[in-house]
Structures are given as structure tokens and as C-alpha cells.
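Trainee: Using the hints, position chain V against chain G.
Going down the list, the sequences are from chains G and V. For the first sequence, the working numbering assigns the number 31 to the initial residue and increments by one for each residue that follows. For the second sequence, the working numbering assigns the number 59 to the initial residue and increments by one for each residue that follows.
Among these hints, one or two may not hold up.
Looking from chain G toward chain V, a few residues come up when the C-beta cut is under 8 Å (computed) [to be verified]:
1. THR625
2. ASP671
3. GLU673
4. PHE676
5. LEU678
6. LYS686
7. ALA690
8. GLN691
9. GLU692
10. MET696
11. PRO743
12. LEU747
Derived from the structure by calculation, the hints contain no laboratory data. All C-beta atoms in this analysis are idealised placements derived from N, C-alpha and C, irrespective of residue type, glycine included.
So you can see what is in the structure, the chains are spelled out below.
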Amino acid sequence: MSQPRIPAAEPSWGKRADLDVLNRDIPRIDGPDKVTGRAVYTHDVRIPGMLYAALLRHPVPRALVESIDVSAAEALPGVVHVLQVKEAGDELRYSGDDSVLAVVSAETPEAARDGVRAIVVKAENLEPVVDTERAKEADAPLVNYRRRADSNVAGSRARGDEEKVKGAIDASAKSVEVSVEIPTQHHVCLETHGHVIHPKGEGERSVVYASTQMVSQHGGQLVRPLGLENGQGDKVHVLTPHMGGGFGSKFGAGVEGMLCARIARETGRPVHLMLSRADEFAMGGNRSGSKQTLKLAGDADGKFTAIHVVAERHGGQGGGAFAGAPYQYEVPEVYLDAKSVKTAADSNRAMRAPGHPQASFGMETAVDMLAYETGVDPLTIRKRNLAAKMQRRQLDRVAAEIGWDEHPNKLAPGVPENGIGVGIGFGVCRWTPGGRRARCNVTVRPDGSVVSATATQDLGTGARTYVAAIVAEELGLEVGQVTARIGDSDLPPNVASGGSVTTGSSAPAIKDAAHNAREALEALLEDVLGAEVGDYVWKAGRVHAVGDPERSLAWKEVCALLRQPLEVSGQFQQSLYEGRILGAQAAKVEVDTMTGRVKVLKMVAIQDQGLPLNRMALRSQINGGMIQALSYGLLEQRVFDKEDGFLLSDNLQLYKIAGAQEMPEMVSIIDDSEERDSVCGMAEAPIIPGQSAIANAIYNACGVRMTRMPFTPDNVLTAIHGSV
Amino acid sequence: MQPFELKTPASLEDAIKELPSERSYTAPQPIAGGQDILTVMKDDIEAPASLVEIGHLLSSEISEEPGGLTLGAGATIQDIADHEGVRSGFTALAEAAASVASPQIRSQGTLGGNLNQRPRCPYYRHSAVSCFKRGGNVCLAEFGFNKYAAILGGGPSYFSHPSDLATALMALGASVVIVGPEGERTVPIADYYVGPEEALDRETVLEAYEVVTKITVPRPASGARTTYYKFKERDSYDFALGAAAISLRVEAGTIAEARVVLGGVAPRPWHSPETEAALVGKPMNAETWKSAGEAAVADAVPLDMNGYKVHLVKGILHRALESLA
Chain G
31 MSQPRIPAAE PSWGKRADLD VLNRDIPRID GPDKVTGRAV YTHDVRIPGM
81 LYAALLRHPV PRALVESIDV SAAEALPGVV HVLQVKEAGD ELRYSGDDSV
131 LAVVSAETPE AARDGVRAIV VKAENLEPVV DTERAKEADA PLVNYRRRAD
181 SNVAGSRARG DEEKVKGAID ASAKSVEVSV EIPTQHHVCL ETHGHVIHPK
231 GEGERSVVYA STQMVSQHGG QLVRPLGLEN GQGDKVHVLT PHMGGGFGSK
281 FGAGVEGMLC ARIARETGRP VHLMLSRADE FAMGGNRSGS KQTLKLAGDA
331 DGKFTAIHVV AERHGGQGGG AFAGAPYQYE VPEVYLDAKS VKTAADSNRA
381 MRAPGHPQAS FGMETAVDML AYETGVDPLT IRKRNLAAKM QRRQLDRVAA
431 EIGWDEHPNK LAPGVPENGI GVGIGFGVCR WTPGGRRARC NVTVRPDGSV
481 VSATATQDLG TGARTYVAAI VAEELGLEVG QVTARIGDSD LPPNVASGGS
531 VTTGSSAPAI KDAAHNAREA LEALLEDVLG AEVGDYVWKA GRVHAVGDPE
581 RSLAWKEVCA LLRQPLEVSG QFQQSLYEGR ILGAQAAKVE VDTMTGRVKV
631 LKMVAIQDQG LPLNRMALRS QINGGMIQAL SYGLLEQRVF DKEDGFLLSD
681 NLQLYKIAGA QEMPEMVSII DDSEERDSVC GMAEAPIIPG QSAIANAIYN
731 ACGVRMTRMP FTPDNVLTAI HGSV
Chain V
59 MQPFELKTPA SLEDAIKELP SERSYTAPQP IAGGQDILTV MKDDIEAPAS
109 LVEIGHLLSS EISEEPGGLT LGAGATIQDI ADHEGVRSGF TALAEAAASV
159 ASPQIRSQGT LGGNLNQRPR CPYYRHSAVS CFKRGGNVCL AEFGFNKYAA
209 ILGGGPSYFS HPSDLATALM ALGASVVIVG PEGERTVPIA DYYVGPEEAL
259 DRETVLEAYE VVTKITVPRP ASGARTTYYK FKERDSYDFA LGAAAISLRV
309 EAGTIAEARV VLGGVAPRPW HSPETEAALV GKPMNAETWK SAGEAAVADA
359 VPLDMNGYKV HLVKGILHRA LESLA
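Here chain G stands alone, though its shape is the one from the complex (with noise of 0.2 Å):
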């Protein structure tokens, strides 16, 4: 055939109204083989001769280590070999990966756990330092190794003039001061960390199943232990078929994947090693702690003035995460002094808009608060206080549909009635979804078939859907007649999920390579149409040169005209991505002041972003967001015993997240008042402003201002009764 001539034309999402598949309700393509367990996940692999690992932790932070005798281990029938991990002397540093003492690998996964509990170990445990309060004190053990550090506050960096900020405030017509306290979040994944890997001899690459956000990226950390090279990362295989969530904490191998790949190089076999959920507790990764205070001062008609916030990150071994102050509005004289407390437990990692709740839940309740002080109600101060004339009316839209018009609790909050009250919050969110350089190839066959193929990994979110989805609409094609490959490491590279620039980098590089598929197709319909280039209409399974519907061609007519498979290449495209977004939302809540039940009764969500290319995967995730945000809210605490460093919350009966019960009516509305011609992530948005809208309305319910999350039965009646 002849080669494909030079692309005509840029690819362009083209308008709205013309698009037949994007910009729709798709299903998930992928959503029979979920529910109906065909989908294969890294957890579900079964390679003959597999090995089951299992790993043994120390149940505390921080310890010296005795002895570890794991010579009854070795003995029982099945285990077949036992990595030990760390040796008589060792200290122990902190909990998660610094508490793997040794791994054992066995011919089922019961004898790996029964060989888990035949090694014994000795150490003498230490304080555990898993307080940050005790963290702070002088006499408190240092937990913070960086080199050289001689206390656990860490990263203390203050911002703006303090004595002008305080004169500032002084100076202002109203103001208010509060102090919130946050606790520690974990994703919960529901499918674990964890790997499966097959290695293979001489001259043949080891295949590694793994639960990745970064299937393209994800070999090169194994190679040290696979035994190879620094630079032979394609000499490892990754394929992550399926995957069940991320949510920021599944960047890299992870101490787990190390162990795991060095224990198949020694054994030679197969090797299963995903973490249990108390291992996926305590090493999984969390979302960061805080503890703020601030001060919000403003004019008499609630125009802020001036800020000034002192915050603490507890993000244990890691540094924490916090998005700053003032979070989103707009003031003028800013004062910001965040630190970091070390604590000896595991290191938060990134989740779902990393440091951005926490920075909501503080600046949104300051801002509450002001409203009702100043007498200027809480819709009104935070559109006064918003540069984006969009936001302002997103804040408009999710108050008319959550009833704020007919509400009686504007500026005061309401008095219970038989313990009852119901009250309404806002809150507002902002993003900068990334786009970066990713290809995709697509492959038409002459037997109409077409193949869209991109390194790229679906968390849950429905990424895999829109591979399929962009092709389609572009060939004039249903979505079923595109199959979307993803989720291994020989496809065309992509991004790592993070950000999210998923869609941002996928999006433009998978339309780049269907506009190329198209054109190569129109080059060969010159002859048989008449048409140039780019002069063609491909709609409904069907070609046809513009203007003349007569001339045309069927979908399986253009492929048979191919005399061997058509395969093209695309690339990130700039000019089909732009990454800003706004969200408001808004909760209303009943509150029990007699037992402190906070009920959500409704939620409303209110996203803008580029062109939806899936608007039900769009509202799912704009639900999903609302529904994090709720649990964080409502129920979510990791708990450390203090004295003794147990962590007592490494299950789900103690770590407790929301379910059917705890969801309200939610609304998710797409913001489509700006046609963007551009397309974005957006996934991290909606989940920032939730947590802060519930604690606003139950304020807005009963007058009880909630300033440590969650907001469980303990926590409302000792915030309506004090300390008993």
C-alpha cells in the first residue's frame, strides 16, 4: 500500500453538537468482565509453580532487634524459602516497611502464614513516637533521620510579613480564630499492593503482573532485584490487566515489589506477594494529618483583609502535604508558617489531591465563620471572595439545588427542634490537571477490526474506556468495534497516573493517532471516492465525501481496501488539552444533638473541564469524590495506640468507611457553560471541598462548629458538651 500521506489537518475534538460518541453516557467496556469476575487482577494471577508470600512485621515502630529465628519456619511442610529481612542488631525505625523482618514463600498461602508465625523473634521494643504532640516535646526520642536533623519538626517555612499581617487583622472590622485538627486518612484500595512475578532464564524477559498507577515506568525499579542492570528495564515485562484503585498511593514497586522480585530471582519460581489488609494498613500509605490555626480577618461587608495561619503536617517518616493559605480565595496580606511533626510511622504518600482537603477543611471553616460573625451569610462571603466570575456561579447553581433559597438558617445557625436541626455548607475546589507527552498507536485491519493501544493503566476511573471511545468517534465507529488495549509495558509509553494527567496525556495522544488512522484511510479512498484528504464524513459504520452522501463506502469496504494491517502512531498534543478547572459544592446535613449522628441528606457537585469524553464516567467520578470526601468526613481515623505503638486501626471494623447507609441523594452536575474545545483530567477536584461543606452545614444545623474530623457521635457531642 501506499505510505500514508502528510496529515492534512491538526486533530481538533471538533464541535459538541457533531459528536456521536463522546460526550455521551458510555458504559464502561470493561464493566461486564468486573462484574462478572472474568476481569483478572494482579491478585488473581495463578502461574504454575507459583509461590505464596507472606510477610511478618514487627508490631510495633521501633525496636532492636534480638534475634529472629526462623529456622522452625523453614522446616514446616510447604515453605519453601524464607528471606530474612532484617538481622539480630538492626533497629527497627518506624512502622510499615522498616517493620518487614522477613518474608516466606510457600507452596500455598496458608503455609506462608503458618511459617510467618513459626519464626521467632526477640527485641527489645522502644518508644514508639507515633504522637505528634509527644513528637514535639525536647526530651521526645528523634525520629526524624534525615542527616543531621536534631529535632522532629522539620521544613519549617513561614511566608509574608507577620507583623504587617497581624496589624492587618488588628485593623479589620471582624475577625476569627480557630484551630482544626485532622486525622490521618488511608486510600484503602481495595485490591492491595502487591506483585506477582515470573522470572525467566537467559535471553527471555521476567513478566511482572503488578498494581501499578505507572505500568510504563514500573519495571525499571525492579531490575536490581530481578538481578540486572540499572538501564535494562525492558527486559522486564509489566502488564497490569486490571486494577483495583490507587488513589496516589501505588507509585513504584514499593518495598513489597523489592522483596518480591528478589525472592522469585532466588527461588527461581513464580512469586505471589500481595500485602494483607493489616500490612496495606500499616505500609499501604496514607493521607497526611494537619493541625491548623488560623486567623481570617475581614471588612464589613466580608471582604477578607488578611490571613494568618501556622499549620502542621503529619505526615509520619514523609514530609506531609498541604496546598497552603490562603486555600483559594483571595486575600491580600497572607502570613504562612507550615512545618512538618515526625512521627515514627509510615510515610504519607500522595492520595487523590494530595494536601488539598486539609487546606479546604481549614480555610473553608474560617471563612464560615467569618460569614455568620460579619452577618454576611455563607454563600455570599465566598462569591465576594472568589476571583473566578465562574466559580461564583457554580456556587449559585449547587445553592439553588440544594435548596439554599427555601433555607431559614442563612445567617444564623438553626435551633434544634427535639434535638434535630438541618442545615446546609459550601464549599469550593480548584485544580491544574497535568497533560504530558504520551503516544498511542492505532491499528485498523483489512478485516475492519481496529486496535487502539496505549501504556497507559485504569485505576477504576474508566481511562480504558475512552481509549477505545476516542477511535470510535473519530472512525464513525460504536465503541464496541474498537478494542482498547492498555496495562502493559510493551504498548506505546504513558504516563505515570498522577495529578491527574491521565486523560490530559492520553486524551490528545490517542485522538492524535485515530486523526492519523483516518487520514492514512482517506489517502486510500482518493482513488475509490474522489475526495481528498480530510474531505470525507465517517459516520454511523459508514464513509461518505462531504457533500455527497452517494459516494460512499461501508466501514468493512474502506478495510478491505487495506492489503495489510494499518498501523499509526500518535502523540501528546498540546492543542488538544488545557488544564484549569473550577468546582463548587454544597452538603446538607441533619444533626441528632442528642447523639451526635451526623446524617448527610444530600450532596451537591458542580465541576467544569474540557470536553466531557464520558460524561457518565464523568459523574461517576465526580460521585466518587463526593463519596470520599463524606467517609473522610464522617468516619475516617487511623489510630496508633500511644503508649505502646500498636496500630489498632489495621482493619475494617476499625478503620470505618462509609457505606450504602451513610450515601445521600447526590447530585453531580457537568459544567458545561464553557464549550472548551481542549479536553482535561479532573478526578482530583471533587474530592477537596466535601468534608469542609458537611462540617459547615452541621454548624449551619445546630450552631456546633466541628473543628476536628471526623465528625463521629464523639466527636459532635464532645464538641456540644466539652470533655466529660
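Mentor: Okay, now just chain V, sitting in the frame of chain G:
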């Protein structure tokens, strides 16, 4: 979980022969629905050398007679929640059954197992912990994380008893029928549970060699209404943060008889005569409910993190009594 042998005796008599004379970490234990014992074993709290299957030997029948109910200990919790006679005549029991865990657990777990379940204190359930309840010499909840701990009847151990059915059955004046090597004995459920001040290795008077076979429940007095109000921290699926089982007879606006048992606040279902005294002879109104709540917690001894339960109990009683008004 340690490997164990599963025994499947042909009769209850044979099953009892397989049971040990005393409790220990490795002593054999009975299993029916397995919803508690298997979690205890998975968390390495106990490691019985054998489990003695009794599920197929217990009656699962729920029979209603004029005098009351007889429930086989093998009845599933869902059977109880769904039973028409239980729902209409023994509302508190039906409500308690419906409030337990999840549909899966209710359909698998049995009445006998629910009454005999072990504490849910996070320390007790933590593999690495040694505490009073596990043969150790300390209650870590007393000075540690005690948000879920007991405010009544605590000490030396401060867990709160997890059974919803026990709380409801105690308010209904049920009795527990027990079979052992010597034959059958019947214990009023009010005497069935023992607090930590009496024994730390158990929560009931049931001996290691005995099996609960039946529960009998007298029909509530004519005109009495009963309810089980369970308050969960997470509505979807949780143990009781606090609960109240109430049987009440109101005559012409005045409370003539009352029986009140609190759940989730003490190491055993907590019969509260103080609350009953504050109700009987009083008008059925919010003021009475308030004083009943105050009476209920008059002797409460909160720990560092569970003082809220003092207020919660008052709120629960208000809501439970309100539902009977």
C-alpha cells in the same frame, strides 16, 4: 490461624464428649455458624486443636406458643429477624436481629454464637497484644485507646459487650437452656453473663464442656411494647456504640412497668434498675425520658476517650422511649 482438626459428631451427646473440661488457648471449642470463632482464630487469639461441629445438631426452629417463644440455638440471626411471630410479638428481638452486622453474617451466624461471641475491643483483637482477657495482666484500653470501652461495670477489663441479641433478650426476660455431660440446665439470661470482676477468661457462665441449645422467651405482658434501639457509629455495618432494649407498659399516659437493658456500654448487657425506677409511675413524656437518661448514667465512670457515651446513653434512651410513645 493454626491448623485444627474438625470433628463432626453424630449427636449432641457425642459432641459434648469432644469438648474439654476447662478452657485454654488450645482446648477444643464448638463451631456452628463460625462467624466469631473463626475470627478469633484468624487473629491468633485462640488456637483450638479441634473444632467440634454442632451446627447440624442444634435445632434451628423458632416456635411460638401462647406462653412465649422457643428458639433453637442453631436459628440464624436472619431467621429471627424475618420471623413473623417474633416481629409482631417480640419486637425488640426482631429489631436486634435485624441490626446485626451484614446480611451475609446474619444468614450464617447463629443465635447461640451471637450470645457467646467474644469481645471486640481492638486490643483484644490485636494479634500482638496480651491483656487481661488473653491471660495477660493489664487492660490496655483502660489508659489507651478507649473510645469504644465500657462506662459501666468496667474493671479490671473495660471492653463493651458486643451482642445485640443478648441485650434484647435480657429486656424480654429470656432464659438460656444449656446441655452438658450431666444433662440440661436452664439459666435466666440475667444471670448468664458474668462481668470481668467475676471472671476474665469468659463472659458467661457457660462451661467449656457445655453447649447452648435453646432460648426461651416469655410473651411480654399484655399491653407491653418493646424496642431495641441500636446506635452505630457507622449505620451500614457496625457493632453498637450504645444500645437500649426496652420493654414498657404504659397505662393512661403513665408508665406502669419498665425493663431497660443497655448495650455497648458495659462488659455485659447492662440491666439498669435505676433507669426503670426513674420511669415507673411517671408520665410518658420527654421530661421523664431525660431523668431516666440521667439515672442510667449516674454511676458511669468514663475513661479518657469515652465520656461522650454518658451523653450518648441519654440520647439513645430519649430516642428509644420516644419511639414507644
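Trainee: So which hints don't hold here, by number, going up?
Mentor: 10
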